[in-house]
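Here the protein sequences come in this chain order: A and B.
All the letters of the first sequence, read from the start, carry residue numbers 1 to 140 under the working numbering.
All the letters of the second sequence, read from the start, carry residue numbers 1 to 101 under the working numbering.
If you are wondering where the hints come from, they were derived from the structure by calculation, not from laboratory data.
Remember, it's a predicted structure, so these values are computed and weren't measured experimentally.
Do not rely on the hints blindly, as some may be mistaken.
Beta-carbon label-pair distances, calculated as ranges [said to hold, decoys possible]:
hint : chain 1 : residue 1 : chain 2 : residue 2 : range
1    : B       : D74       : A       : A38       : 34 to 44 angstroms
2    : A       : A32       : B       : D92       : 42 to 52 angstroms
3    : B       : A37       : A       : T103      : 51 to 61 angstroms
4    : B       : G81       : A       : A23       : 41 to 51 angstroms
5    : B       : L16       : A       : T112      : 37 to 47 angstroms
6    : A       : A23       : B       : S34       : 27 to 37 angstroms
7    : B       : R59       : A       : E47       : 48 to 58 angstroms
Taking beta-carbon pairs under 8 angstroms as the criterion, some of the chain B residues facing chain A (in silico) [said to hold, decoys possible]:
hint : residue
8    : S48
9    : G49
10   : A52
11   : L76
12   : E94
Every beta carbon over 12 angstroms from chain B, so not counted as near; a handful from chain A, in silico [stated by the list, open to error]:
hint : residue
13   : T7
14   : R9
15   : R24
16   : M25
17   : E27
18   : P30
19   : S89
Each residue gets a CB set at the ideal place from its N, CA and C atoms; glycine is no exception.
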Amino acid sequence: MEPLIKTVRVQVAPDRAFALFTARMGEWWPLATHSVGAADATDVTLEGRVGGEIVETLRDNTTSVWGTVTKWDPPAVVAFTWHPGRTASEATQVEVSFTADGTGTRVELVHTGWEARDAAARDNYDSGWDFVLGCFTSGV
Amino acid sequence: MLDALGDRTRRSILELLREGPVTVGELAARLPVSRPAVSQHLRVLQESGLVAHETVGTRNFYRVDSRGLTVLRDWLDDFWGTALESFAAFADKESSDGTAD
């Protein structure tokens, strides 16, 4: 599957946009619809360093690791593996870049890494389906 | 198409279909819902392009439809679109809060 690319423009400068995106992820991430715990999810944090984890916390204080930071280059780029509700071996990759755009910032998100999964799935059952269902069953 | 996946039972049906083609009776035996309910969910999944069926003799076997990748792409597009819109709303609010001082 081809990389999925999404962009959005925000009205703050790249350094601020980067900080808000990463350090304050729990304040903007749509947890109710985009989490493992759904209504029971209370927070998500991104640890700002290579090797840092993105962790969801649930109401009962259990946690769920969504991925691991692979690139930490503030205020330009943050990249991480992505496997909410799945094991790390099933991770795809997400890279988010922040580029100055007038007085604001253009935020571009690129989601890749289905190749290995597709190859494995071809030998197995139906390409892509494990990932589809992993997404839906985890809500992420 | 994606509404079809908003239901827990339908997601459970898809999980079971991953193991290979099965009949309505086999699905009903493994789910906490009635056979007519399973049939109804299968109808929704078929209409959404997520499930297909084939008739062998007198039995209908249900299986996942290979169009699933299209569904995935649409779903991911919506997933990240919603997340980024949420981020933009937050950042823009922070921006206006900051200039209001």
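For each hint, the structure was consulted:
1. In this structure the hint that B/D74 and A/A38 lie 34 to 44 angstroms apart at CB is violated, the actual value being about 20 angstroms.
2. A hinted range of 42 to 52 angstroms is violated for the C-beta pair A/A32 and B/D92, which are about 20 angstroms apart.
3. Between B/A37 and A/T103, the C-beta spacing of about 55 angstroms keeps the proposed range 51 to 61 angstroms intact.
4. For the pair B/G81 and A/A23, the supplied restraint of 41 to 51 angstroms is violated, since their beta-carbon distance comes to about 23 angstroms.
5. Range check, B/L16 to A/T112: Cβ separation about 30 angstroms, and the 37 to 47 angstroms hint is violated.
6. Judged by the Cβ atoms, the range 27 to 37 angstroms given for A/A23 and B/S34 is violated: they are separated by roughly 50 angstroms.
7. Evaluation of the 48 to 58 angstroms hint for B/R59 and A/E47 yields a pass: the beta carbon distance comes to about 53 angstroms.
8. For the restraint placing B/S48 at the interface with chain A, the shortest Cβ-Cβ distance is roughly 12 angstroms, beyond the 8 angstroms limit, so the hint is violated.
9. A hinted interface residue such as B/G49 counts as satisfied when its beta carbon comes closer than 8 angstroms to some beta carbon of chain A; here the least separation is about 12 angstroms, so the hint is violated.
10. Proximity of B/A52 to chain A is violated relative to the hint, the smallest CB-CB distance being about 11 angstroms (cut-off 8 angstroms).
11. Interface restraint check for B/L76: the shortest CB-CB distance to chain A comes to about 5 angstroms, inside 8 angstroms, so the restraint holds.
12. At its closest, the beta carbon of B/E94 sits 6 angstroms from a beta carbon of chain A; the interface hint therefore holds under the 8 angstroms criterion.
13. For A/T7, the condition that its CB be more than 12 angstroms from all CB atoms of chain B is violated, with the nearest at approximately 8 angstroms.
14. Listed as outside the interface, A/R9 is inconsistent with that label: its C-beta sits roughly 7 angstroms from the nearest C-beta of chain B, within the 12 angstroms cut-off.
15. A Cβ of chain B approaches the Cβ of A/R24 within 12 angstroms, the least distance being about 8 angstroms, so the stated non-interface status is violated.
16. For A/M25, the non-interface assignment is contradicted: its Cβ lies about 9 angstroms from the closest Cβ of chain B, within the 12 angstroms cut-off.
17. Once the 12 angstroms rule is applied to beta carbons, A/E27 is inconsistent with being away from chain B; the minimum gap is 6 angstroms.
18. Chain B draws A/P30 into its interface by the beta-carbon criterion, the shortest separation being 5 angstroms against a cut-off of 12 angstroms.
19. Distance to chain B confirms A/S89 as a non-interface residue, since its nearest Cβ pair spans about 18 angstroms, more than 12 angstroms.
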